[in-house]
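Novice: So you can see what is in the structure, the chains are spelled out below.
2 protein chains.
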Amino acid sequence: MKKTKQPNAFYAQSGGVTAVINASACGVIETAREHKIKVYAGRDGILGALHEDLIDTSKESKKNIAALMYTPAGAFGTCRYKLKSFEENRAEYERLIEVFEAHNIGYFFYNGGGDSMDTANKVSQLSAKLGHPLRCIGIPKTVDNDLPLTDNCPGFGSVAKYVAVSIREAGLDVKSMARTSTKIFVMEVMGRHAGWIAASGGLAAEKAGDAPHIILFPEIAFNREKFLKRVNRCVKKFGFCAIVVSEGLRHPDGKFVADAGILDAFGHKQLGGAAPVISNLIKSELGYKYHWALSDYLQRSARHIASETDLKQAYALGKAAVNMAVKGKNAVMPIIVRKSNKPYRWSIGEAKLADVANIEKAMPRNFITADGFGITEACRQYLQPLIKGEAYPPYKNGLPQYVELNNVAVPKKLKRKFKLSA
Amino acid sequence: MKKTKQPNAFYAQSGGVTAVINASACGVIETAREHKIKVYAGRDGILGALHEDLIDTSKESKKNIAALMYTPAGAFGTCRYKLKSFEENRAEYERLIEVFEAHNIGYFFYNGGGDSMDTANKVSQLSAKLGHPLRCIGIPKTVDNDLPLTDNCPGFGSVAKYVAVSIREAGLDVKSMARTSTKIFVMEVMGRHAGWIAASGGLAAEKAGDAPHIILFPEIAFNREKFLKRVNRCVKKFGFCAIVVSEGLRHPDGKFVADAGILDAFGHKQLGGAAPVISNLIKSELGYKYHWALSDYLQRSARHIASETDLKQAYALGKAAVNMAVKGKNAVMPIIVRKSNKPYRWSIGEAKLADVANIEKAMPRNFITADGFGITEACRQYLQPLIKGEAYPPYKNGLPQYVELNNVAVPKKLKRKFKLSA
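Sequences listed follow chains A and B, in order.
Under the numbering used here, think of the first position of the first sequence as -18, with each following residue one higher.
Under the numbering used here, think of the first position of the second sequence as -18, with each following residue one higher.
You may find that some hints are simply not true.
[To be verified] Computed Cβ-Cβ distance ranges for the label pairs, DEER-style:
{"id": "1", "chain 1": "A", "residue 1": "Lys400", "chain 2": "B", "residue 2": "Thr350", "range": "16 to 26 Å"}
{"id": "2", "chain 1": "A", "residue 1": "Lys310", "chain 2": "B", "residue 2": "Thr161", "range": "26 to 36 Å"}
{"id": "3", "chain 1": "B", "residue 1": "Thr350", "chain 2": "A", "residue 2": "Asn347", "range": "52 to 62 Å"}
{"id": "4", "chain 1": "A", "residue 1": "Asn347", "chain 2": "B", "residue 2": "Lys218", "range": "19 to 29 Å"}
{"id": "5", "chain 1": "B", "residue 1": "Asn213", "chain 2": "A", "residue 2": "Lys393", "range": "26 to 36 Å"}
{"id": "6", "chain 1": "B", "residue 1": "Asn378", "chain 2": "A", "residue 2": "Ser66", "range": "43 to 53 Å"}
{"id": "7", "chain 1": "B", "residue 1": "Glu385", "chain 2": "A", "residue 2": "Ala47", "range": "38 to 48 Å"}
{"id": "8", "chain 1": "B", "residue 1": "Gly235", "chain 2": "A", "residue 2": "His232", "range": "31 to 41 Å"}
{"id": "9", "chain 1": "A", "residue 1": "Ser402", "chain 2": "B", "residue 2": "Asn213", "range": "22 to 32 Å"}
{"id": "10", "chain 1": "A", "residue 1": "Arg61", "chain 2": "B", "residue 2": "Lys236", "range": "34 to 44 Å"}
{"id": "11", "chain 1": "A", "residue 1": "Glu69", "chain 2": "B", "residue 2": "Glu385", "range": "39 to 49 Å"}
FYI, nobody ran anything at the bench for these hints, they're computed from the structure.
These numbers come from a predicted model, not from an experiment.
Beta carbons: idealized from backbone N, C-alpha and C, even for Gly.
Given these sequences and hints, build the entire structure.
Specialist: Structure, rendered in structure tokens:
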């Protein structure tokens, strides 16, 4: 009897969170409810499945689930844990099946980046290998915007908006003061391998003299002399210079600028950002007073300034994932397909997980200006729609009212505890 | 004839800018227009007066002036330049009078912090000393919230809101990931001498376990062992620990933690923040993975998340300043008077510049918990109304549309150029 009823779904969030990953969760849960599918969420991502630590989302009110639309970070917890290959760690896959069997789970929704799509792809093969019927759908999520095939990744548009808004505001600040005070402002942003986030700062500059004046990309080896010349020219011309630097900026020898051997008082290596290194260089070579900022998690959790486009897409992808699963699809990921730039139109397409897994989408070289310090018109046209629209959360007493779910555990059915391999 | 018509007003912005200082400018200009008073703004603050570099705000459209309400930073430029005493540099004061005479300036509005109120106070004495009729009104502004007599300072409420929103969002982010990844998040905020801004982070924590778990104030000497114990207890209890640290945090010997001798690869001292120092300490002593952020100018320019209360007060103070001047007042500063907490009600009062100048308002000790790591209920009641209300700027293509004024120069009337003393 148990096996013939509508199977349950497992949903997990994976890797670094974003301002809108919960909107995808909302899309999954609301759509599953329409199909009378119960969604069990993994507590702390895939670990929740391995440990049989499942959250019964059917215990949450409609209102709480709707509130996921405006709540940043991962409502069920997430993790950095990558499953090994089936051959390397068969025990993990068998455990997943054991848990899925015990809880009648027939749908597997995995919301994450490239690594997670690889995991989802591996899990999608279990059905055949281990004889448990399972439909696996990946749901894209990454602030790094580095998944292939999809036009863009949910989470990115909101970071992009945060970065563009922030550098515009800080640029005005520095400009006001530059005559007698700070002339240099450096803002460090995420993106260890690709410059998508750094590029988004460029949206703030709409005419000559607007901040940012210089963008330093991970794709372009840092040219010290050329950079200093440009900074100086900027200060002479505009009175100040605002710079966006990617944490992934590298020296010509391939070493990260951020790792350039900053030592603390005890001689320990201080991991600490490209911004202070760049700022210090300017100060020591050109003598300008500087300030710098490092937004770190603030940029990816900034739901208060999320992009409406991003939010809608995150929801739509969650919804599409469930609809694909119900239609019998397996080993696929819904993607964003751009139909036109002006007006911006998009639809949901479909990619095979095998084509997505472990492939990073780099910024095209023609998105970066020839001198390596800015974005091109092509890049601007690509980025611009992604930050469009505001979608403010509700406030109470001056603070955004983000929901905390009850996260009621599904009663365990298995006696065996699972021990993760080291 | 020239001298008998309604005199003009001089308005200047001074020192570090804020998200709402332009709202005070808007209050000044709109109210002056009602009184048929022409406002000349100093380009780059008081330097504009000394160099006879005046901006004719009557050349700006009503719409542009209204747009100052939602534009951060200093629309006319500002400076860090403190006039010496009358005895030390009489030439500067004589120059001011020379310029004010030439342009029929009878009102002097100076929008700044403690130093600026000192300058305004000195200028207010010129009338008697140099025989030029002048009414001087200070308009308070400082993110540091350290002016005396006024209940709070315009600019502070918006930074406070930014800090509270940001640590709430980043706290959710870290909490989501803490099981297998980052367990420590440190956010550094402004406030070299007073912990008002750091304290505002505490508003985000409404119940046990909420971020921030620890606040490090400049007022409380850094106790390494006690701090590490608290961090560890937090991680054990809540799974993570979110910390707000003031840039002004000091060791028991009085040295800034931020200056604790971080060296770059070349052995240069790296000025660079208390956050990395604190983070590194936690890592080396407790082994927890950390992330840290340093908002720097982003926090004080963040008009996108400004407090509506702050904005209204900034405008009201600019308006009150003009009304005071028109009523014949001199050497005063309009202040915020708190009438009640619940509901929050305030009115405009008046303080003498002599009583305001060069006095810093410290945080009362009873605003900080006995253990030194948090804020008390009294502090919360003080801070809470100041961040209340949202006042979003207009957006176009996903970005806030801040106004750039034309800043048309008033034709010079003087032949002599003024040279600043070194």
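Novice: So, for every hint listed, does it hold in this structure?
Specialist: Hint by hint, here is what the structure shows:
At roughly 41 Å, the beta-carbon separation of Lys400 of chain A and Thr350 of chain B lies outside the given 16 to 26 Å, and the hint is violated. Checking the proposed 26 to 36 Å range against Lys310 of chain A and Thr161 of chain B shows it holds: the Cβ atoms sit about 30 Å from each other. Separated by about 56 Å at the C-beta atoms, Thr350 of chain B and Asn347 of chain A satisfy the suggested range of 52 to 62 Å. For Asn347 of chain A paired with Lys218 of chain B, a C-beta distance near 52 Å fails the hint of 19 to 29 Å.
Hint check: Asn213 of chain B to Lys393 of chain A, Cβ distance near 30 Å, so the stated range 26 to 36 Å holds. For Asn378 of chain B and Ser66 of chain A, the hinted distance range of 43 to 53 Å is satisfied, since their beta carbons lie about 45 Å from each other. At about 40 Å, the beta-carbon gap between Glu385 of chain B and Ala47 of chain A stays in the expected band of 38 to 48 Å. Between Gly235 of chain B and His232 of chain A the CB atoms are about 38 Å apart, so this pair conforms to the stated range of 31 to 41 Å.
Look at Ser402 of chain A against Asn213 of chain B: about 28 Å separates their beta carbons, and that is inside 22 to 32 Å. Roughly 37 Å separates the CB atoms of Arg61 of chain A and Lys236 of chain B, a value that falls within the hinted 34 to 44 Å. Between Glu69 of chain A and Glu385 of chain B the Cβ separation comes to about 59 Å, which falls outside the hinted range of 39 to 49 Å.
The structure fails to meet hints 1, 4 and 11 from the earlier list, while all remaining hints are met.
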